[in-house]
Amino acid sequence: MVITRTLGLDIESRPECVELLSRALCGVCQLVLSAAEIAKLNLAIVEAVNNAIEHAYHGESGHWVRLEIDLAPDRLDLRVRDRGQPMPPDRLDAVTAFVPPDPDDLNTWSLRGRGLAIIKACMDTVEYEARDGVNTLAMSRVLTTGKSA
Amino acid sequence: MVITRTLGLDIESRPECVELLSRALCGVCQLVLSAAEIAKLNLAIVEAVNNAIEHAYHGESGHWVRLEIDLAPDRLDLRVRDRGQPMPPDRLDAVTAFVPPDPDDLNTWSLRGRGLAIIKACMDTVEYEARDGVNTLAMSRVLTTGKSA
Amino acid sequence: MVLTHRTIEGIDIVALAGRLVMADAPQIRQSLLTTVEQGNGKLILDLAQVSFMDSSGLSVLVSAFKAARAKGGDVALLHLNSTVRSLIELTRLQQVFPIFDDEATALARLR
Amino acid sequence: MVLTHRTIEGIDIVALAGRLVMADAPQIRQSLLTTVEQGNGKLILDLAQVSFMDSSGLSVLVSAFKAARAKGGDVALLHLNSTVRSLIELTRLQQVFPIFDDEATALARLR
Ligand SMILES: Nc1ncnc2c1ncn2[C@@H]1O[C@H](COP(=O)(O)OP(=O)(O)O)[C@@H](O)[C@H]1O
Ligand SMILES: Nc1ncnc2c1ncn2[C@@H]1O[C@H](COP(=O)(O)OP(=O)(O)O)[C@@H](O)[C@H]1O
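Residue numbers (the working numbering), protein chains in the order written: chain A, 1004 to 1152; chain B, 1004 to 1152; chain C, 1299 to 1409; chain D, 1299 to 1409.
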């Protein structure tokens, strides 16, 4: 029976709550992924949820952040949703590869701007949509060999 | 900073989806409980979610089942919610201790009726409330020594 | 849930692997009842690889037990791991299920 | 996140333990900047016990690095476990951070 199973997880937009999502995600992913694969996926989701809290809600707590996990035999679809300020269009497409800073020029050592690039590096596809007041960062990962559902 | 963190998890009322909740719960509980403690908690939650699917929704898929986890430094509060047919009042109070069946009388070997008793045995407190169309089985567990958040 | 079946001297030995829970219970129950019906009603259930079991899983064991007894046979449980053992003890069924740690003894009991 | 601080020959050695993530970043950043400010700007960060790090944690490392360099000092990273190493390599910072597997070598570098 090839059926997708979906789990929705929600937290309040508070940095301390991200860990709960992260732990729950890892627990679910153990069904289908190796430890190294889980680590990558987990990193991507933590970055996405951090962004929702920090940018969509400007760090304000008490708002809705949701992770949805669709588990199918051959793929994993993950969506991070918020109802805050949407990301500017084309922001995601503008993400470029990591450039190492110049050790001798401290100005090239940026303190931020790595989140979206990390997400793109860890997932197979990444798409963003703002619709009806809900913003969704949709990510997917193809499941190949090894552990299966 | 002593603050409760809450994670909400929802699935569709389908037996195959219970595993996702169960895995997510175990992932979160690893923050504060030993493996043996997690096993007990997990069993209670699986029974509670099974009951929501089987009794509140009469085994019908497509309905809303939600688990909420409140993680505080000294306690864990868990709520399983549904919007189906409520449990009869006093049903929970009527739960009695397990009586071993008579090996020589097959009629005493009951096929069911162990779920609520298992839940009660695995949790410190268990309460049920049907209000505004939402039914909630609220369970709690005091956290003592060992792993802490 | 994976089910492996073999027969030794007319005794059915079924090994279960994976989660024995509500989602799998109907199918496993049916399969065990068929085994009891087609065999001699002497059944060993090897639960070593059962990673998790809920009360629906317990109900499957009880079903098999009743069917076997009704046929004049019996069910023996083999290799309870800590998860399965906890549930069986919690529900006090360890007092009535024949439980064994090695197959030879279980076979001797059912022979 | 737990932070342990000691000083050897004017070099600050700070061991971090736990998750270095957005929730903890402001506090850890402040603490490291204070260490750099009050010391010689020579800092070894022992990351062996960091169980998970996100880009906010990375930002803390960069902050400390910039502060130390601005003071004529340097930051050395010690004992990267696989989680931390993956993130640092993914973001290509392994090309610029001084990274060491033993404390003596890290101390020699900063001395
Ligand atoms: N979920 C989001 N909602 C709104 N804006 C976002 C979101 N995620 C990212 N952004 C915007 O994209 C920018 C780049 O994000 P990112 O690469 O994660 O780096 P950082 O978070 O460190 O700025 C952010 O500064 C913000 O303006
Ligand atoms: N969540 C629920 N919603 C409605 N009724 C319930 C619920 N949980 C239990 N019940 C009622 O209580 C009875 C006993 O439940 P339980 O002890 O779990 O055993 P079983 O599920 O095997 O019948 C059920 O048969 C049902 O009538």
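Everything labelled a hint here was simulated from the structure, so no lab data went into it. Even glycine gets a Cβ: it sits at the ideal position worked out from N, Cα and C. Some clues are possibly wrong.
[To be verified] Taking lysine to any residue pairs in the SDA-like style, the calculated list, with each CA pair at most 25 Å apart, reads: (1) D:1364 x A:1013; (2) C:1364 x B:1115; (3) B:1043 x A:1124; (4) B:1043 x B:1108; (5) A:1123 x D:1381; (6) D:1364 x A:1090; (7) A:1043 x D:1305; (8) A:1123 x D:1335; (9) A:1123 x D:1390; (10) C:1364 x B:1033; (11) A:1043 x B:1111; (12) B:1043 x C:1321; (13) B:1123 x B:1113; (14) B:1043 x C:1377; (15) C:1369 x B:1103; (16) B:1123 x C:1388; (17) A:1123 x A:1090; (18) C:1369 x B:1043; (19) B:1043 x C:1316; (20) B:1123 x C:1389; (21) A:1043 x B:1034; (22) C:1364 x B:1034; (23) D:1364 x A:1129; (24) A:1043 x D:1401; (25) A:1123 x D:1384; (26) C:1364 x B:1111; (27) C:1369 x B:1075; (28) B:1123 x C:1394; (29) B:1043 x C:1392.
[As the list claims (entries may be wrong)] Using C-beta positions, here's what the derived DEER-type ranges look like: (30) B:1078 x C:1393: 27 to 37 Å; (31) B:1130 x A:1145: 42 to 52 Å; (32) B:1111 x D:1316: 49 to 59 Å.
Query raised in the report: Which hints, by number, does the structure contradict?
Result: 1, 3, 4, 6, 7, 8, 10, 11, 18, 22, 23, 24 and 27
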